[in-house]
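Chain by chain, the residues:
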Amino acid sequence: MDKAKKSTITAQVVIVGGGIIGTAVARELSRYELDVLLIEAEAEVGWGTTKANSGIVHGGFHEEPGTLKAKYCFSGNQMYPKLCEELDVCFEQNGIMMVARTPHEMETVRLYYKRGKERGVNVQLFSQEEVARQEPNLDPKIVGALFAPEGGAVMPFELAAALMENAIQNGVKYKMNTTVIDAWREGDKKYLETPEQIIRADYVVNAAGLFSDDLARMFGDDYFSIRPRKGEEYIFDLSVKDFVKSTIFPVPGKISKGILVIPTAAGNLMMGPTGDNVEEKEDLGTSQDGFNRVFEGAKRLVPSLDARKIIAQFAGVRAASDRGDFIVELSPNVPGLLHLAGIESPGLTAAPAIAADVPGLLEEAGLQLEEKQSFNPRRAGVVRFNSLSREEQDALVKKNPSFGRIICRCESITEGEIVDAIHRGARTLDGIKFRVRAGAGRCQGGFCQPLITQILSRELDIPVTAVTKAGPGSEQVRYVAKELYDEEVR
Amino acid sequence: MKKVHVDVAVIGGGPAGLAAALAARSEGAEKVLIIERNTELGGILQQCIHHGFGLHRFKEELTGPEYAQRFVNLVKDTDIDVLLETMVLEVTPERKIYAVNSENGMLEITAKAVVLAMGCRERTRGALRIPGGRPAGVYSAGTAQRYVNIDGYLPGKRAVILGSGDIGLIMARRFTLEGAKVEAVVEVLPYAAGLTRNVVQCLEDFDIPLYLQSTVIEIHGTKRVEGVTIAQVDADWNPIPGTERKIECDTLLLSVGLVPENELSSQAGVAIDSITNGPIVDDSMMTSVSGIFACGNVLHVHDLVDNVSKESERAGRYAGRFALGTNNSVPRRVKVQAGNNIRYVVPHEVSSTEPVEFFMRVQRPEDDVVLDVGGLRRIRKASVRPSEMLDVKITPEQLQNLEGDTLIMQIIPQKEA
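Note that the protein sequences, when read in sequence, are chains A and B.
For the first sequence, our numbering begins at 1 and goes up steadily by one.
For the second sequence, our numbering begins at 491 and goes up steadily by one.
Honestly, I wouldn't trust all of these hints.
To be verified - Computed spacing ranges between beta-carbons, pair by pair:
hint: 1; chain 1: A; residue 1: 463; chain 2: B; residue 2: 716; range: 17 to 25 Å
hint: 2; chain 1: A; residue 1: 114; chain 2: B; residue 2: 876; range: 57 to 65 Å
hint: 3; chain 1: B; residue 1: 491; chain 2: A; residue 2: 114; range: 49 to 57 Å
hint: 4; chain 1: B; residue 1: 491; chain 2: A; residue 2: 149; range: 32 to 40 Å
Hints in this document: simulated from the structure, not taken from any laboratory.
By construction, the Cβ of each residue, glycine as well, lies at the ideal position given by its N, Cα and C atoms.
Just chain B, with the same shape it has in the complex:
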């Protein structure tokens, strides 16, 4: 078995892994290794051929592959090692990584610091327990996206899309552009789950109907999907009898949420937040296991890759310092808590040596509100949406004013604030 020693090992070569590796290297870590299972770097961005990436970071609208390429080029200009088509099978709490590829066989990689950047997977039909038959023609939206954009095949020609997540909206447009007909997008919530701009550009511009507070209650067909029955739902998401309607189609796409892929993390003993399904981290993006860091969609699901890059640079920087032994370790001081109408906040804990950026999501849409950051900062927001991640910065100086050791993030109506 080949044995390798590195300063920082980054698991995953998508946008999170790329940014983390670059940051670790600039921080001074000498041997940085990216381990990627795919045949190329860039992760899921390579199949996101639509534009709209990089508005914040590069002030221009790039396609997914273009956004990825900017980082890939930067990596190429460094001496960061890259292992492609290499699957990590195990990470130990002692930061030993077992990975396999066809060229080297099994690799035992010992790392001073590890960055988890494995991304996420899509929720499945099985997890939703959609009743009915189990014919061909049911795909998660991302799988269909791969078939169309990477492999060059169109799964079917009449589609219904369950869930108005961004990938579902993007695929509604993509199917239409390929000559297929999208009969409906069906969303259980009373509002679209994806970004507003995607609702406009992918559905409204193509006259694709969006049915809110509705769901698919049955899949028809034995060999191939022949149709689905949709129905309206009540406040508890139970189908309302009498509202059933059958739509003929040969394809059902599911865009019903993403789940961080933390099987390796759990194996390494990393504590997982049951809301985000990602590791619990402090403001250095370190998990509960010393020397193991996490960033990107493995930590929590983002809607903008720009935020992934930013968060991952932080993880990479601290992982680099950890490997170099230059981390000024400050005991964790402040616990971060989700208050009124906040679903989660990352990071979960902070010390106060550097400015911290918090990422969070609300539980439900609200207008004319104030985001209250533990009483330290108050930011007015015209509206907040679960689909749109909020971010806010706190300086060490501001944090010093915190009374007690819990920082509560909350949304307050403007009139109360």
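Excised from the complex, chain A in its bound form:
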């Protein structure tokens, strides 16, 4: 569509990008009397880099002193318990362990210990025996470790969805499946062009993740670049649930924190990620080579890992920048444009802390802040059938029979939970999987996908052939049976 023919809508603040940063900012800004609009290119929030995040809430001892990473990681970590409680999001504070395989590595571990101590992080040093006692499945050759009990794990997409849900509850508007194709400034106003519309904003928060440099350039800011770095992760069956208690780190290399063994908040064990610079920002393929490196790395920590227990794998691309640190700053060239870019690890941990600074930064740029009296920090509680006692399950079904129909047999997810997820904003099979885990188990949706396809069709009142895995173009079933009879296909 021609620019001139597009209608213009306005918003005081437009957040570009619904990843963990954008959604955290949306929720933070919903504390104030503001007209906020979040736009997201994907069908649902949390689907870019966020969904492939390892889900670790870092301890805060890793980062170089003096960096924004260090500042926001530590304070973000401290915000997690309250945030997750308010949003009813699973937060497993199961701790983080960095292990040393040699006395030489132990020296490095001690440096991180010192760094953590200076920063106020709760860290402890473990002897070989203490490691073996707490984590009996680790390689017995490990000589010692650093333990940070306040580290933990969340499900990143669950958190992003919860942040968005709470932001919407508090008045934030949103548009999904909306990409920015052009952006410019006219006087005080910023303009964002999408395929359908033009959005006029007083303030723009650039939380576009992998594409944050592209957005910056549209506005003429050419002073940072995103260097996409891919990570592959491999998930194990729930039957190896309690193999390790805490997230296990090796002594980190120069660029990344290394290959980890991660007990996820969902209970599954996971190993990864790789860290490979890639050309394509959307290169989400996994590879045999990636697997080999991950498995080798993970086995150095937990030698008895069994590859036959792997049920799924995925890859994500980190939005690392050429600065090597987070970019959290107002544009030097465009008044009212705030860049939140280069948010690689520990971005998930840092997100609430970065978001908390955003109102102040926008105020600095001239935004008037008035607290909203009606702001409600709490998201309506989520029913998790399989975490209830048998008596509670019984009572729940008697109140609402749809909780008595198990749709996902591997994870015991009920129709009631799936319908609730749809009412909370899930629009796709992946959206349901990420929110309630239906289809995330060992059969990977083999049994429940057809059932969820039907439920989505019914609840959204769309044809079954319009139900997608992950937004337009990813329809789950393309044709009604016999439809192809008359079509020339050979």
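Could you slot chain B onto chain A? The hints should help.
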């Protein structure tokens, strides 16, 4: 919470559960209950609308639903209780079952004997770790079968099928009949994994190419499958560089094996055989937990439903006796071992009160061989195939001739025998 007491509780209302329940009831167990998660009995047979079922049992070719219906009708003629749309969440070693449905809420079912008949699931892309993107359009063959045969939708119109298991072969034909084009069936083994008759009737009759010793090494596409790269593999299944070939398609079906669903069994403390992925059982089909029996695809994956029915009747009969307390319990005597070119044998242990039927699979195809049953019986076989389950009977009298307490099943070349 509603509490129920039964003699025999059968978990699963597919062919195994139906046959087991009927046998338990005829044995004299009075209160027999089938717990089924689906909206109807019959299990996976309800989506297997092709014919070819029942040749052994009924001497005629039935469709899956027809085969199931024969058993469903028999159940209807009895006072066997059936709970539909009911999911079992837990089985305890004391044979308490927790199940939920929307009508009753949570049920606590105490059973004198339990028959596990939950069937199996399909191996997934994730378990195979096929590299590449993760677009829509990748389905296990059984899931696609459900979409087409039960729900009435066709997933896509150009398909590649990885794995030549029976469901994959059946779906190659099914997709073709629906007007889709099946570009290739790709099999990592040097021979087809499914039954010969399915290779002929589903691929050869429709000119669908079967590429042996090949596999899918990459899936292309971000939103929807746009194609796959296949390559030939060496003896260790590693792709051979230079043999890669891209095939355009919008659908990839996986027919790469079935895995018995034993999460409930493990929870109940039932010991699992790492080869079959099913419970270890004796010749009464009892597992390592007293009073818990297993049969059908939850025990080991069958290729013919006729065998499932036969095996499950045995499980049901013994479960009935166990519930009635009329099981003449004989200490387990003989361990059964898989010898040369035998991958597994079920049951794993036998006593000698009744004739026993053993089911087994070979590891690799072989021609002109003898199946040696612990030296007690020797049966000539023109050929043996991993895809075709072998069965053999032993009488208590024959078993008495066994020296020692291990019965070794093995395949011997005819010239050596």
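Hint check:
In this structure the supplied range 17 to 25 Å holds for residue 463 of chain A paired with residue 716 of chain B, their Cβ-Cβ distance being about 23 Å. At roughly 60 Å, the beta carbons of residue 114 of chain A and residue 876 of chain B sit within the given window of 57 to 65 Å. Roughly 55 Å separates the CB atoms of residue 491 of chain B and residue 114 of chain A, a value that falls within the hinted 49 to 57 Å. Judged by the Cβ atoms, the range 32 to 40 Å given for residue 491 of chain B and residue 149 of chain A holds: they are separated by roughly 38 Å.
The structure is consistent with each of the numbered hints, conforming to all of them.
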